[in-house]
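Listed here are the chains, written in short residue letters.
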Amino acid sequence: MPALEHVLVVNAVLFAIGAMGVLTRRNAVLILLSVELMLNAVSLNMVAFAVYGHIDFGNITGIVFAFFIIVIAAAEVALALGIVVRTFRNRATANVDEVNLLKW
Amino acid sequence: MGDGVTATQVVFWILAVVMLVSALGVVTAGNIVYAALFFIAALAGVAGIYLILAVEFIALVQLLIYGSAVVILILFALMLTRARERPQALFGRTRPLGIAAAAGLLAALIGGIVATQWVTPGSAADFQPIALQQIGDVIFTVWIVPFIIVGVLLSIALDGAIMLASPDEEE
Amino acid sequence: MPDLVLGQFAGVDMPDWVDALLRIMFIVALMTVNAFALIYLERKILARFQARVGPTRTGPIGTLQSIADALKLVTKEDVRPSTADRWAFELAPYIAFVPVFLIFVPMPFTETWFIRDLNLGLLYVFGVLGLNIVGVIMAGWGSDNKYALLGGVRAAAQAISYEIPMLLIVVSVVMVAAGRLATDGDVSAAVSINGIVADQTTTPYILLQPLGFVIFLIGALAELHRPPFDMPIAESEVVGGYFVEYSGMRWGMFFLAEYTALFLIVLLASSIFLGGWNWPFGADVGLGLQIVLTLVKTSVMIVLVISSRALFPRLRIDQLMSFSWKVLLPFAIVQVLANGIIMAYGGPDWVVGLVSFALLLALFGLVFALTRTRKGGDTTRTIQTTPARPRVITSPEVTAVEAGGGD
Amino acid sequence: MTTTQQTFEGEILTEPVVVEREFETVDMNINVGPQHPATHGVFRMVLTVDGEIVKDAIPYIGYMHRGGEKLSENLDYRGALGYQDRTDYLAAFNSEWVYCNAVERLAGIEIPERAEYVRLILSEFNRVLSHFMFMGAFGTDVGYFGTAFTWTFKERERIQDLFEAVCGDRIMYNYFRVGGLAWEPHESFVEDSNWVLDQVEVGIADVDNLMTDNEVFVARCRDVGVMSAEEAISYGVTGPMLRASGVPFDLRVDEPYSIYDRFYWEIPIGERGDVYDRYLVRLEEMRQSVSIIRQALDQMPTSGPIVAERLPARLRPEPGEIYMRQENPRGEYGIYMVSDGTDKPWRVKMRSPCFHNLSSLRPQVVNSYLADAVVALGSIDIVLCEVDR
Numbered sequence: 306m307p308a309l310e311h312v313l314v315v316n317a318v319l320f321a322i323g324a325m326g327v328l329t330r331r332n333a334v335l336i337l338l339s340v341e342l343m344l345n346a347v348s349l350n351m352v353a354f355a356v357y358g359h360i361d362f363g364n365i366t367g368i369v370f371a372f373f374i375i376v377i378a379a380a381e382v383a384l385a386l387g388i389v390v391r392t393f394r395n396r397a398t399a400n401v402d403e404v405n406l407l408k409w
Numbered sequence: 009m010g011d012g013v014t015a016t017q018v019v020f021w022i023l024a025v026v027m028l029v030s031a032l033g034v035v036t037a038g039n040i041v042y043a044a045l046f047f048i049a050a051l052a053g054v055a056g057i058y059l060i061l062a063v064e065f066i067a068l069v070q071l072l073i074y075g076s077a078v079v080i081l082i083l084f085a086l087m088l089t090r091a092r093e094r095p096q097a098l099f100g101r102t103r104p105l106g107i108a109a110a111a112g113l114l115a116a117l118i119g120g121i122v123a124t125q126w127v128t129p130g131s132a133a134d135f136q137p138i139a140l141q142q143i144g145d146v147i148f149t150v151w152i153v154p155f156i157i158v159g160v161l162l163s164i165a166l167d168g169a170i171m172l173a174s175p176d177e178e179e
Numbered sequence: 018m019p020d021l022v023l024g025q026f027a028g029v030d031m032p033d034w035v036d037a038l039l040r041i042m043f044i045v046a047l048m049t050v051n052a053f054a055l056i057y058l059e060r061k062i063l064a065r066f067q068a069r070v071g072p073t074r075t076g077p078i079g080t081l082q083s084i085a086d087a088l089k090l091v092t093k094e095d096v097r098p099s100t101a102d103r104w105a106f107e108l109a110p111y112i113a114f115v116p117v118f119l120i121f122v123p124m125p126f127t128e129t130w131f132i133r134d135l136n137l138g139l140l141y142v143f144g145v146l147g148l149n150i151v152g153v154i155m156a157g158w159g160s161d162n163k164y165a166l167l168g169g170v171r172a173a174a175q176a177i178s179y180e181i182p183m184l185l186i187v188v189s190v191v192m193v194a195a196g197r198l199a200t201d202g203d204v205s206a207a208v209s210i211n212g213i214v215a216d217q218t219t220t221p222y223i224l225l226q227p228l229g230f231v232i233f234l235i236g237a238l239a240e241l242h243r244p245p246f247d248m249p250i251a252e253s254e255v256v257g258g259y260f261v262e263y264s265g266m267r268w269g270m271f272f273l274a275e276y277t278a279l280f281l282i283v284l285l286a287s288s289i290f291l292g293g294w295n296w297p298f299g300a301d302v303g304l305g306l307q308i309v310l311t312l313v314k315t316s317v318m319i320v321l322v323i324s325s326r327a328l329f330p331r332l333r334i335d336q337l338m339s340f341s342w343k344v345l346l347p348f349a350i351v352q353v354l355a356n357g358i359i360m361a362y363g364g365p366d367w368v369v370g371l372v373s374f375a376l377l378l379a380l381f382g383l384v385f386a387l388t389r390t391r392k393g394g395d396t397t398r399t400i401q402t403t404p405a406r407p408r409v410i411t412s413p414e415v416t417a418v419e420a421g422g423g424d
Numbered sequence: 289m290t291t292t293q294q295t296f297e298g299e300i301l302t303e304p305v306v307v308e309r310e311f312e313t314v315d316m317n318i319n320v321g322p323q324h325p326a327t328h329g330v331f332r333m334v335l336t337v338d339g340e341i342v343k344d345a346i347p348y349i350g351y352m353h354r355g356g357e358k359l360s361e362n363l364d365y366r367g368a369l370g371y372q373d374r375t376d377y378l379a380a381f382n383s384e385w386v387y388c389n390a391v392e393r394l395a396g397i398e399i400p401e402r403a404e405y406v407r408l409i410l411s412e413f414n415r416v417l418s419h420f421m422f423m424g425a426f427g428t429d430v431g432y433f434g435t436a437f438t439w440t441f442k443e444r445e446r447i448q449d450l451f452e453a454v455c456g457d458r459i460m461y462n463y464f465r466v467g468g469l470a471w472e473p474h475e476s477f478v479e480d481s482n483w484v485l486d487q488v489e490v491g492i493a494d495v496d497n498l499m500t501d502n503e504v505f506v507a508r509c510r511d512v513g514v515m516s517a518e519e520a521i522s523y524g525v526t527g528p529m530l531r532a533s534g535v536p537f538d539l540r541v542d543e544p545y546s547i548y549d550r551f552y553w554e555i556p557i558g559e560r561g562d563v564y565d566r567y568l569v570r571l572e573e574m575r576q577s578v579s580i581i582r583q584a585l586d587q588m589p590t591s592g593p594i595v596a597e598r599l600p601a602r603l604r605p606e607p608g609e610i611y612m613r614q615e616n617p618r619g620e621y622g623i624y625m626v627s628d629g630t631d632k633p634w635r636v637k638m639r640s641p642c643f644h645n646l647s648s649l650r651p652q653v654v655n656s657y658l659a660d661a662v663v664a665l666g667s668i669d670i671v672l673c674e675v676d677r
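Chains as they are written, first to last, in this note's numbering: chain D, 306 to 409; chain U, 9 to 179; chain F, 18 to 424; chain P, 289 to 677.
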């Protein structure tokens, strides 16, 4: 088993990369991908805590959390893509910084 | 698993590097389809780390759900990028700022991790894989209400996605 | 013969890594032989359906034809279109192939013969198989060919649509297995393929889940791009679909993946529905007969799948989609719900089977009713005939014109 | 955002095709042909597709143009006969027959009865053969992996064997002559024909069983490529396509030529004018042709001349013109011929049914699925050599 700290560091890097994607990208689909990366880092963290905590505390809530996160992420993809398609129809762009009007 | 402690760690680091490189690919690729393909590699890496942590169930759910979701993502990416002849600018103007912010975040996180005194987990010999049955027991007893709420949420999300994506009648 | 215990391939003690290597070689050998055999079998069976004789020249009654084909593929030039996306194009065959290769792992050939008995075998199969489609999309997109792109997009839409009813059916099968195992065994074996097979000593699950079997078979046809669901590779529409630009061994990889998937999905179906290595009347038949039983059950279903290619034309993409989402998915959900309700109230197995059978009849009835209304009446032959009315009219006559008229 | 689609020159549409560009997925231009498996020869169409929906279709023809009309004008009346085989090569006897009839009427030649019977029998056989070819190719278009094709080719092979026995060739027969036939059919012609008919009837039943009631086949063909009777007439569509749209127009009956008034048969008519009706019409026509051939074989005189007597060595018809049209398997095949009194026709014009039938492709295809476009094209049953001439 890798040490807990190592897993956490890897997750932190993954999370930071995802955050970088969210902050630098302008295409909605790519931002969605980056958000998914961050979610992955979080759920991986949860699982790591649960797995290591399980040995000492016998609690696997983190795994349940990861499960929920994955399931909700699927719904989120569907919904976000619906919004992207909608935006694309109305504005002919998938770039978030071009969708800058509150009405159209 | 054999004499596995060091072997498992080696595999973990290989997977971690693959995953992180792929993740970097996701946020830097100049092509949406490439980004999506990198994302699949990153997902597979995460699933591999789940396997290292011996939670097979989560690893497979990850592949199953994310795999399909990402395939749909790629399809949308194809539809949206083919719509233009000219190459799209995929990065915003605030790119340096974003990179700096992400680097700061990373520094803060790693600082936190290093500074914290973690409770040393039991020895690897004590480690037991978590069975599917255990997860099921917990989900369907302790977390049953959230589980139902997630189910309802999924249905609503599905309806919402259909409504958003369906063509208007009068337009 | 691979055994369950790591480090004991074929009962001989050896280091772990040798064991792993041997298992991988076993898979590779099995896969190659299987692909050769299936290609030959398919050509021969189709030839029978089509009043031909199939390959006859290479080897006795053409048995070496697949090997000759493979040799040709290996020596063929590997062409990449100049405008193709290099990485996507070159990696796609492998990404399409590796997941299929991985599915071999939990497949039981006999009670003790498999690569590894995974606890989550069923989930594993579908989780890994889903990645196959990524390679297909990469091929379709990377070829920079419109036919390939259309084929890839069709394949993706189709795979996702048919995965869902199939997964729901697998869930219902797992429910049945868990219900049965809860009384006399270990519930956690309900997601393991071998555990499910071991539970079918007297009752193949096709008796308990006939609707499940039918939906699984239809879904398998769609997953395997077999007629009537072969739009992704439709010759007359998209010329060959996502692998239209491939040649040589890269093309061969797609075909290897396709035939391996055919074998494996059918093996899976015969394991979870037909009882795999079990003799259906409960006797323990021993190792040798077990593998024969597995292969016989699988072969029968393979012939079934192959014959669909000779007998069915192709559906249209929207018909395919609506069939999955509007017909199969609701029925699969109802099946899961019915299983849950019956088992929650402690209903016996035969009730489960009966309800599933009733649902199957309802499915057939619905499809029948739908197609009949489509045809507009209870018969397809709405052709009328009018009797020929021989009547004499003046036939075209020569009309005189001035010679050399015109310019 | 709506844009009116550019119509290409000379196109007459009942209403302009308006492409809705609501969701800006870019329309792809898909080039189908001239080497596409679904185009039955060197036909090319450029489909503008939005996803799977065809928004526009522009057909391109002419890859097989050999100037058959002009070539015929530079040859003797008899010498040009061979070009007729090479227009509709799936129904070469029928095409030869039209040409022979045209020349004979122009030159005022009466041909002996026995020759008429042989011509009619062979031509009706050729109709069956051509429709078999349609069944096979159409089955492939709809998605049978070769089954329909091999089954129908088995029957086609039998008919071709008969033709080979009669005239020594399997595709380009060149057997009819102005004034009769090239030579006497082989001795066992009647018995052979009867045997082939028995086999063919079984073959027709086989095709019927394979395709007609197949749910998938019906789902693919019903209500695809629908064409109303008015549309069909305005596009000049003839043959089985026209009859599938509900117009009982058959030149064998409406303008009887040769000896068709001696037989009784029925004309199948479709109700909806869709692809499925076209298939059914052709299937039924094959049965009716078999019936006609049986009647003709019964009535055919056992002996007698097969060539008109006292034929001139070089034909020099009186100056005049004629338009001879007959019912080919694909529709109205016409020869318009002008004689200026010399031994070469001054003008030969071929009216080929496929050319006119093909012109109705676009309205059938637009706003349907890509897969339907292929099926609709297949249902027209084009022979490109005849379209391009």
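Keep in mind that the hints were calculated from the coordinates and are not lab data. Predicted model, so just to flag it, every value in this text is computed and none were measured. For each residue, glycine too, the CB sits at the ideal point set by N, CA and C. Treat each hint with caution, since some may be false.
Among the chain D residues that face chain U by a calculated CB cut under 8 Å, a handful are [stated by the list, open to error]: (1) 323; (2) 324; (3) 340; (4) 347; (5) 383.
Here are some of the chain F residues that sit facing chain U, going by a computed Cβ distance under 8 Å [said to hold, decoys possible]: (6) 63; (7) 64; (8) 132; (9) 136; (10) 143; (11) 158; (12) 206; (13) 313.
- Task: Any hints from earlier that this structure breaks? Give me their numbers in increasing order, please.
- Result: Violated: hints 3, 4, 6, 7, 8, 12, 13.
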